[in-house]
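Student: Okay, here's what each chain looks like letter by letter:
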Amino acid sequence: MFGDYSLGDLGAIFAMQGFAGLILFSVYVLMALGLAIIFGQMGVINMAHGEFMILGAYVTWMTSNAVQQFAPWLFPGYFFIAMTLAFIASGALGMLVEWAMIRHLYKRPLDTLLATWGLSLILQQAYRSVFGAREVGVELPEWMMGSWQATDSIQIPINGMFVMALTILITIAVAYVLFWSSWGKQVRAVVQNRVMAGAVGINTEKVDRYTFGLGCGIAGVAGSAFTMIGSTGPTAGQLYIVDTFLVVVFGGAASLFGTIASAFSISQTQSTLEFFLSGSMAKVITLLTIVAILMVRPQGLFALKVRK
Amino acid sequence: MSDEANKGLNSPLRRKLLMGMAALPAITMLPRTSFAQAPATSVVNTTGLAVTDTEVTVGILHSVTGTMAISETGSVEAEKLAIEQINASGGVLGRKIKFIQEDGASDWPTFAEKAKKLLVNDKCAAVMGCWTSASRKAVLPVFEQYNGMLYYPTFYEGLEQSKNVIYTGQEATQQIIAGLDWVNKTKGAKTFYLLGSDYIWPRTSNKIARKHIEGHLQGAKVVGEEYFPLGHTQFNSVINKIKLTKPDVIYAIIVGGSNVAFYKQLKAAGIDLSKQTLLTISVTEDEIDGIGGENIAGAFACMKYFQSLDNANNKAFVSAFKKMWGEKTVIGDVTQAAYLGPWLWKLTVEKAGSFDIDKVAAASPGVEFKGAPEGYVRIHENHHLWSKTRVGKAKADGQYELVYETADLVEPDPFPKGYQ
Amino acid sequence: MINARFFNRSELIGFLALAVLLFVILPLSLDIFRLNLVAKYLTYAFVGIGLVICWGYGGILSLGQGVFFGLGGYCMAMYLKLEASSVENTKIQSTPGIPDFMDWNQLTALPFFWKPFHSFPLTLVAILLVPGIFALIIGAAMFKRRVGGVYFAIITQAIAAILTILIIGQQGYTGGVNGITDLRTLHGWDIRTDHAKFILYFVEVVLLFACVIAAQFIRLTKLGRILVAMREQEDRVRFSGYSVANFKIFAFCAAAIFAAIGGAMFTLEVGFMSPSFVGIVPSIEMVIYTAVGGRMSIFGAVWGSLLVNFAKTSLSESFPQLWLFGLGALFIAVVLAFPNGLSGIWADYVQPRVDRLFGSRKSGWNDNSVADGAPAE
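Residue numbers (the working numbering), protein chains in the order written: chain W, 6 to 313; chain C, 896 to 1315; chain S, 22 to 398.
One chain only, chain W, in its complex shape (with noise of 0.2 Å):
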C-alpha cells in the first residue's frame, strides 16, 4: 500500500500516526487513572465511572455557556475554569456516593459492582432529565482548535497536545499526592493494612472518602478534557467504562505504573492495527490480545501481589 508514496508523505504520516497512538494513550491515561485509584487502592468497582466523566463534561457545557453569557472576555482561558469545576463536581458528588453507599459495601467489592450499576442508570437518567436526551457540543476557544504545523505536511493538533499535556501533569500530581504526600502514605497505609491503619491513628474513613473523591474528580477532569474529541450525551460514559476497566486490569489492579504501561501498549497496539485494519476489526484483535495476555499473566503486567 506504500508504493506510490514518496518518502516524505511516508515519514510524515508515520509521525502523525505516531502521534495518534500518543493521543489515545493519553485519552487512557486520563480514563484509567481515577479508576485506577478507586479499584487499585480501594478494591471498589465504579461501574458509574463514565458517568462522573459525563458529569465533567456537562460542567464544562455549563461553563462555557455561563462565560459566554457573563465574561465572554474570560472565554479564551474558560477550559481550565472548567476544569477545575468539573474536578470538584465530581469529587464532591463521589464523596456524596462514598458517604451514602460505597462505605457500607467495603467488604463486598463485588456488590459495589452492582450498587454502582444502579447508580449509574439513575445518572444516566438524571442527565438525560436535566439536560435533554441530544448530545450537547461544546464550545472551543479558538486557540484550542485547529492544529500545529509542525513541517509542511506534518499536522499535529492542538487539542491532542493539549490532552496529553493534561496527562503528564495530572499523573505527576496523582503520583505526588500518592507516594510524597503524607495524605498518599495514609492511602497506601489503608490499602496494605485497614485495621493496622487504623489502630496507628489514621482516620481510615476519612481517607476512604477523599480517595473515592479523588477518584472520581480526576474521572470529571478527563471528561472535561473528552469534550475537545468526544462526544457529551448522556449515554456517552458507557463506552468508556470496558476499555477503562481493561487498561487497569491489564496494568495490574494496584499499580499506577502498570496502569500508564498498560494504556501504553494498548493504544500503540490499537492505533497501528487501526492503520492497517479496519476500525472495527483493530477493536477486536486489540480486546482478544488482552483477553489472552490476562488469561497467560491473570496478574496483569506490573502487579504487587499476586492472587488472592
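Watch out, some of these pointers could steer you wrong.
Think about it this way: if two alpha-carbon atoms lie no more than 35 Å apart in a straight line, the pair counts; the simulated DSBU-like pairs of lysine-lysine are [to be verified]: (1) C:Lys993 with C:Lys1082; (2) C:Lys1223 with S:Lys333; (3) C:Lys993 with S:Lys333; (4) W:Lys112 with S:Lys333; (5) S:Lys243 with C:Lys1058; (6) S:Lys112 with C:Lys1106; (7) C:Lys1170 with C:Lys1018; (8) C:Lys1116 with C:Lys1106; (9) C:Lys1290 with C:Lys1058; (10) W:Lys112 with S:Lys136; (11) C:Lys991 with S:Lys333; (12) S:Lys112 with C:Lys1018; (13) C:Lys1218 with S:Lys333; (14) C:Lys1058 with S:Lys333; (15) S:Lys165 with C:Lys1058; (16) C:Lys993 with S:Lys218; (17) C:Lys1170 with C:Lys1106; (18) C:Lys1106 with C:Lys1080; (19) C:Lys1312 with S:Lys112.
In short, the hints are calculated from the structure, not lab data.
Given chain W's structure and the hints, the job is docking chains C and S onto it.
Tutor: Chains C and S in isolation, oriented as in the chain W frame:
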C-alpha cells in the same frame, strides 16, 4: 411530476392563509370535516380498531431512554406536532387523534414487545415509530402478523418493502446517487474514501455508493473503505490514512456520538473542510447541534430536507415546531420525515374512507401531500415516497445552505437493479 | 449423597407455589400477549438459575452470561432462519436459498458453520454444546490459573464486548446489529400464532422446572457443598485435596448451559435474536435479576426475573421517562439493604412467622443453614 408540486403554491390567498395560521401548513387543501358529519364508526372501522365516534387511537413508538434517545427525540416531537395540528384542523374522518406513546428504550426486543402491545392491546389504527434499521426489522414481523400500519421516518438502506409499512424517509439509492452525481459533476471528484459506522445502513449505502462510483462515474474510483464500531471515538488513525491517500471526496456515513468525535478530530488534524470535500448522508441539523457548527462548516450533506429550505410550507412548519418545542430546537431530515407520517396517514384514511388497515394500505399508493415542509411528496406503489434529493453545505451556525436540488422527484427503488 | 428429602418443607412450598402460579394462574388469567411477555421474562430465569449455582454457591461472578444466552439463542435462530429461507421464500434474491442478510452482503453460498443448522437434532445439540464448550475453554484458561473474583468478572465482561463487536462487524455471516430476524416456523410449525405461543409457554415452563430440579440436584449433592466451601475458604478446599479449578469450571459450564437454554427459548418466544443480548448491559441486567431474587435461592432467581421485568415493563408503560430511576434505585436498595434479595427477606421476615404459625420447631442443620451464609465476595 414537479409541475404538480407547485400547483396551488402561487395563490396569494393560500399563501396569506398559510402565514396566518402558521401552525397549519396543509389546512387549505383539506376539506374541513366538522365533527357532526363524521361517518359512522361501523362503516369506517370494520376490523375492531380503537376508533370511536369521536376518537381514533394511534401509537408513537420511539426510544426516549437509552442511547438512541438522542436521535429519536426529534421524531417524537414532530409526530406530536403533526397530531396536534391535525386535531386542530378537524381530525381524521371527524375524529380526534389520541396517541399512546411507548418507549422502545433503544432495545430491539422492547420495540417488538411494545409494537405488539400497541397493536394487540391498544388496537392502534396506525403507529408512527422506529428509527434504527434494527428496531424496524424487529417490529416488522409484528406489524405483518397483526396487520398494523407503521410510518417509519428514517432514511434507511432499502432492500425492504411491506404492505404494512410506509417509509417516509428516503431509501439508499434516492439519497446516494444524486449526491454522488452532483459531487462528480461540480467538483470533478474522481477518488472517494468511504467511511461508516459498522452496521447495515452504512454498509449497504457504501455498497451502493461504490457500485455507482465504479460503474457510473467516468474514471472515478474508491480509494478506501472503513467501518468503526458504534460509539467509536478515536479517528486519528483513519484521518492519517485519509491524509495519505488524499481522496477528492470523503464520503462519511458515521452515526450517533461517533460523529462528534470524528468531525472534531478531523478539524483538529488540520483537514479544512472548505478545501477538502466531505459528503455525508448521516449528519442532519440535529447532529450538528452536538458536533458544533464550527467543526463541520463546509461539509456537504445529501438528504431530502434541510431546516433552511425556503418555502412557505417549511416556514410555517419551522415556526410551529419552535413554538411547540422551544426556540432552540433544530429540525433535521428525519424529524421532518416523522412529521409527514401522521399527515400521510390522515390523507390516506380520508382517501380510503376507512380506518381499516387493508384499505389504508391499498389506498396509500398515489396519496399526495402538498403541505409537506420539504415540498410536494407522493407515495409510490412500493410504499416509499417520491421526493427530491438535495445537497446542503453546512454553515458555522449549524444550518445547511441549499446548494443543489434535483429537478424532479426521485423515484424510490428499494431493490435497485445493478446495485445489489 | 442426596438428602432423604429432595426439598425441605419450605422449599416444597416454594416449588408448589411457583408451579401453581406458572402452570395454572398465569395461563388462566393473562391474555396471550401478556403470557408471551411472561415467557420472555422467564427466559432470563434460566440465566438466573445458572448464576445462583455459579455466583451464589460458587462465588464466581460472571458478567458475560449474555454471551451464552446469545450463543444458545443464535444457534436456535440459525436453524429457524435457514428454515425460513427456503428457496421458494427467497426467490427474489440473487442467490435463493440463503438467508436474506447474506444475500445483501454479496454472499453467494452458505458459510460452512451454518450448514449443520439445517438439521434440528444437530441444532439442539449445538445449543447445549457450543456454549458449554466455550465456557469450558474460558473456564479452563482462567480457573486453572486461579483468576477469580473481580478479575474474572471484568474479563468475562471484555469477552461479551468482543463478541458483540465481532457479531456486528461480520454482518454477512451473523446478520450484524439487526440480528437474525423474521423467523417463522419450527419444523414446519408456525411459531408466530397465538396457539403456538401458548404451547411454547408451557414447553418453556416445563424446561424451567427441569432446570430448577437439576440445579437443586447440583446444590444438594456433595458438589454443591464443595462449591459453598470453596466460596468461603478456597484454600482450605484446595488443601483438602480437591481440584478447585475443576469444580469452578463445572459450575461455570453448568451456568452457561442453563443460560443457553434460556437463549434458545428466547429466540422461539420473541421470534428473533440480536447482538443486543450478548453485550455487557444485558449481562449485567441478568445478574441484577438474580441479585434481586436472591443469589442464594434457585426460586429467588425465577421470582427475581419475573418481578424485575414486570416492573420494567409496567414502569416503562406508565412513566417512560422515569423508569430508569426506579430500576437504578432498586439495584442499590437490594445491594445495600437486602444482600440476599427477595428470598433473604422471605427467609428473615416471613418464614419465621410461617413457622410459628405451623408450630414447627425444626432448627439446626438443614441445607439452608449452609446456603444462607454471608454473601459471596
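Student: Evaluate each hint against the coordinates.
Tutor: Now the hints, each set against the structure:
Among the hinted pairs, C:Lys993 with C:Lys1082 is inconsistent with the structure: their alpha-carbon atoms are about 49 Å apart, more than 35 Å. Taking the CA atoms of C:Lys1223 and S:Lys333, the gap is about 33 Å. The hint holds against a cut of 35 Å. Of the supplied pair hints, the one linking C:Lys993 and S:Lys333 holds, its CA atoms being roughly 24 Å apart against a limit of 35 Å. With a CA separation close to 30 Å, the supplied pair W:Lys112 and S:Lys333 stays within the 35 Å bound.
A C-alpha spacing of about 60 Å is found between S:Lys243 and C:Lys1058, which places the hinted pair above 35 Å, so the restraint is violated. Among the hinted pairs, S:Lys112 with C:Lys1106 is consistent with the structure: their alpha-carbon atoms are about 23 Å apart, no more than 35 Å. A C-alpha spacing of about 54 Å is found between C:Lys1170 and C:Lys1018, which places the hinted pair above 35 Å, so the restraint is violated. Taking the CA atoms of C:Lys1116 and C:Lys1106, the gap is about 10 Å. The hint holds against a cut of 35 Å.
Restraint check for C:Lys1290 and C:Lys1058: the C-alpha separation of about 40 Å exceeds 35 Å, so the hint is violated. A distance of roughly 50 Å separates the Cα atoms of W:Lys112 and S:Lys136; the hinted pair therefore is violated under the 35 Å criterion. Taken as a hint, the C:Lys991 and S:Lys333 pair is honoured in the structure, with Cα atoms around 31 Å apart against an allowance of 35 Å. About 34 Å separates the Cα atoms of S:Lys112 and C:Lys1018, which keeps this hinted pair within 35 Å; it holds.
For the hint pairing C:Lys1218 with S:Lys333, the CA-to-CA distance comes to about 34 Å; that is within 35 Å, so the pair holds. Between C:Lys1058 and S:Lys333 the CA atoms are separated by roughly 32 Å; this keeps the pair inside 35 Å, and the hint holds. Straight-line distance between C-alpha atoms of S:Lys165 and C:Lys1058 comes to about 56 Å, which puts the hinted pair past the 35 Å bound. At most 35 Å may separate the alpha-carbon atoms for a hinted pair to count; C:Lys993 and S:Lys218 meet this at roughly 31 Å.
Of the supplied pair hints, the one linking C:Lys1170 and C:Lys1106 holds, its CA atoms being roughly 26 Å apart against a limit of 35 Å. A distance of roughly 17 Å separates the Cα atoms of C:Lys1106 and C:Lys1080; the hinted pair therefore holds under the 35 Å criterion. The straight-line distance between the Cα atoms of C:Lys1312 and S:Lys112 is roughly 15 Å, inside the 35 Å bound, and the hint therefore holds.
Checked against the numbered hints listed earlier, the structure breaks hints 1, 5, 7, 9, 10, 15; every other hint is satisfied.
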